[in-house]
Each structure stands twice: as C-alpha cells, then as structure tokens.
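Novice: Sequence:
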Amino acid sequence: MGRARRQFLRNKKQEWEEYRSEVTAFELRKNLPNL
Numbered sequence: 003m004g005r006a007r008r009q010f011l012r013n014k015k016q017e018w019e020e021y022r023s024e025v026t027a028f029e030l031r032k033n034l035p036n037l
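So for the sequence shown, our numbering puts the first residue at 3; every next one is plus one.
It is worth saying that the hints were derived from the structure and are not from the lab.
Watch out, some of these pointers could steer you wrong.
[Unchecked claim] Taking CB as the label site, the calculated pair distances span:
1) Gly4 - Leu37: 44 to 54 Å
2) Gly4 - Asn36: 31 to 41 Å
3) Pro35 - Arg8: 39 to 49 Å
4) Gly4 - Arg31: 27 to 37 Å
5) Leu37 - Arg12: 28 to 38 Å
6) Met3 - Pro35: 39 to 49 Å
7) Gly4 - Glu24: 26 to 36 Å
8) Leu37 - Gln16: 27 to 37 Å
9) Arg7 - Asn36: 41 to 51 Å
10) Pro35 - Arg5: 31 to 41 Å
11) Met3 - Glu24: 28 to 38 Å
All C-beta atoms in this analysis are idealised placements derived from N, C-alpha and C, irrespective of residue type, glycine included.
The task is simple: from the sequences and hints, build the whole structure.
Specialist: As structure tokens, then:
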C-alpha cells in the first residue's frame, strides 16, 4: 500500500472512533432516565 493510502485509512479509522464515541441528544433522552 502506498503511504497516502495508509494515512487515509488511519485517518478514517480515527474519525470512526471519534464518531462512535459521541453520545447524541437522542441517546441521552432515551437512555438517561433508565440509569
């Protein structure tokens, strides 16, 4: 794999990890009362 492709894939993986760790307002409204 080329260097640019490795960097692209690394950046996309980091973006995904940041995205999936976010708690949305919908999730808070739905789940917070159950805690």
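Novice: Could you run down the list of hints and mark each one as holding or not?
Specialist: Verification of the hints:
1. Gly4 - Leu37: 44 to 54 Å: 47 Å, holds
2. Gly4 - Asn36: 31 to 41 Å: Hint violated: Cβ distance 47 Å, outside 31 to 41 Å.
3. Pro35 - Arg8: 39 to 49 Å: 44 Å, holds
4. Gly4 - Arg31: 27 to 37 Å: 45 Å, violated
5. Leu37 - Arg12: 28 to 38 Å: 35 Å, holds
6. Met3 - Pro35: 39 to 49 Å: The hinted range 39 to 49 Å holds for Met3 and Pro35, with Cβ atoms some 47 Å apart.
7. Gly4 - Glu24: 26 to 36 Å: 31 Å, holds
8. Leu37 - Gln16: 27 to 37 Å: 29 Å, holds
9. Arg7 - Asn36: 41 to 51 Å: 43 Å, holds
10. Pro35 - Arg5: 31 to 41 Å: Once the Cβ atoms are compared, 49 Å apart, the range 31 to 41 Å for Arg5 and Pro35 is violated.
11. Met3 - Glu24: 28 to 38 Å: 29 Å, holds
This entry does not satisfy hints 2, 4 and 10, going by the numbered hints stated previously.
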